[in-house]
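> Here the protein sequences line up with chains A and B, keeping their order.
Under my numbering, residue 282 is the last one in the first sequence; the count climbs by one each step, no gaps.
Under my numbering, residue 383 is the last one in the second sequence; the count climbs by one each step, no gaps.
Do not take every clue at face value.
What the hints assert, rightly or not - Once the Cα atoms are required to be at most 25 Å apart in a straight line, the calculated PhoX-like pairs of lysine-lysine come out as:
#: 1; chain 1: B; residue 1: Lys106; chain 2: A; residue 2: Lys172
#: 2; chain 1: A; residue 1: Lys139; chain 2: B; residue 2: Lys83
#: 3; chain 1: A; residue 1: Lys269; chain 2: A; residue 2: Lys224
#: 4; chain 1: A; residue 1: Lys171; chain 2: A; residue 2: Lys139
#: 5; chain 1: B; residue 1: Lys106; chain 2: A; residue 2: Lys171
Just so you know, the hints here were simulated from the structure itself, not pulled from any lab data.
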Amino acid sequence: MKVEELKRKANDIRKDIIREVYLASSGHPGGSLSAADIFTVLYFDKMNIDPANPADPNRDRFVLSKGHCAPGYYAALAERGFFDREELDHLREFGHILQGHPDCKHIPGVDMSSGSLGQGISSAVGMALSAKLQKRPSRVYTLLGDGELEEGQVWEAAMFAAAKKLGNLTVIVDNNNLQIDGPLSEVNSPYPIDEKFRSFGFDVSVVEDGNDIEALKAALDSAGSEDIPRAIIACTTKGKGVSFMENQAGWHGKAPNEAQMKAALDELEAEGELS
Amino acid sequence: MSDIATRVSYGNALKELGASAENLVVLDADLAGATMTKTFKDEYPDRFIDCGIAESNMMGVAAGLARDGLVPFVSTFAIFAAGRAFEQVRNSVCYPNLNVKIGATHAGISVGEDGATHQAIEDIALMRAVPNMTVISPADDVEARAAVRAAYEWQGPVYLRFGRLAAPKVYEEDGFEFEIGKGHLLRSGKDLTLIATGLEVSQALGAASLLAEQGIEAEVIDIATIKPLDDALILESVKKTGRAVTVEEHSVIGGLGSAICELLAGCEPVPVCRIGINDEFGQSGKGWQLIEKYGLDQNGIAEKTLEFLQSLQKG
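Let the sequences and hints guide you as you build the complete structure.
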């Protein structure tokens, strides 16, 4: 897909996120918005997937290790046609499929249940290992939060992925620099993230503007080694696209009220018309 | 055949299964020589994955492999499988109901010399509390190998509990049948029902012989599958005997004894004596020495059972 189209798609996903979280009266807009461009490039450009055949064994896989950013993930899956967009109006609602965190048993297109931080990357590593053992062409992508890197399991998984030469694994870090309690460095710094992954045996690229579709596309497109897992550190803005949510830790897990929802949608609408 | 540790049975069963089960893979966390997955590794090195000393990741990797159609047997000591990796078992394996089999060896205090840090006495409680999980604790070599085969055929997560010590032989291979969720009635009696699991099945049988010398006829049931429980077999026996004694190499909190009490409290409330580890940690020592120390050998079980019966008479 062309860059301009991808930008429009990312804008649609952002509007979906705001509507979803507003209607649910809870959820995580900040990290969903920071990762919207990553979801877009993966689901509309990069990944080999077919919504009509979501169980194709040769498809690429995606695990949302930062599972709380489900609103962004669900929007991408719905926009891509894995399920009816109408479901987005029922996020976190009793009796509906869109659980608070990804649920692979009930949501078409979700490759793995996730949400307990640190665990998704391990299952992604398992899928990459499986593809290698079964000689399948699949590439496995997993998206982690930067705060999530404070979980020890992430580094167990990273060490293992490099040791087993899982060149079909791409770990993406949504590095928006904010976690619930504040800036990363004020909580428990995982920095320097790039050097950590490098020393764990990864081929690392840093995308200076992780909300720039073109830059993300370039990083994901660049050919890697068959034997070395890849890490892409995407430096993003939490709450990206909604001015009053940008760089505010407070919007990590809070729903907008009606006025805020309308203001956010107006802003995104105007942005969409510009692009 | 002589007495064999169920961890050895585990390794042998994996190797046997490996010949026909091409989707079976075995994961271990640097303990292949102790969990006995080495037996499989030597035969099928391409399907053996050493995850190193990182059990949380290992459980997640197994979830990813299972999600992709493979049948991973994840192996480490029970303390790490059920303890260290508890939340990975819960959220990455059981919530998505993935086809992961956990081979947890060195369960209970019979681990021996390594001492309390390595003696899992809470694993049954932890594992049976998680939805979608099946929990199996086989008594001897014959039952352990059958349990591994049954776990492979079963769809969904299974926790298999194995021991370090050679387990006294309970079953003959010929004619032995194993079905997940079905117990075995090993001895008939009218005075009480002795319900045991794992290594304690052999000890309960020994205790029943000792009790018989005193004119007490104990019925003995082997409950290998602690979840789902064989309600029918247990209720039929307890309706006849009117009292039950449970025996396990596990804490009296949350294990087999608790599971039996939960069942009986609902539909057949009879007095139950739970024999197990009484809410305390173990210690170093030889395995059988510790079994005796904590009253889990045949003499200890017989003694405790007599006390229980006497207390009921007084009551």
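> Next step is simple, just say for each hint if it's right about the structure.
These are the hints, each one checked on the structure:
Proximity of Lys106(B) to Lys172(A) is assessed by CA-CA distance (about 23 Å); at most 25 Å being required, the pair is judged to hold. For a cut-off of 25 Å, the pair hint linking Lys139(A) to Lys83(B) stands: about 22 Å separates their Cα positions. A threshold of 25 Å between alpha carbons decides the hint, and for Lys269(A) with Lys224(A) the separation of about 31 Å lies outside it, so the pair is violated. The suggested pairing of Lys171(A) with Lys139(A) holds, with an alpha-carbon distance near 10 Å, which does not exceed 25 Å.
About 19 Å separates the Cα atoms of Lys106(B) and Lys171(A), which keeps this hinted pair within 25 Å; it holds.
Against the hints set out earlier in the document, a violation occurs for number 3 only.
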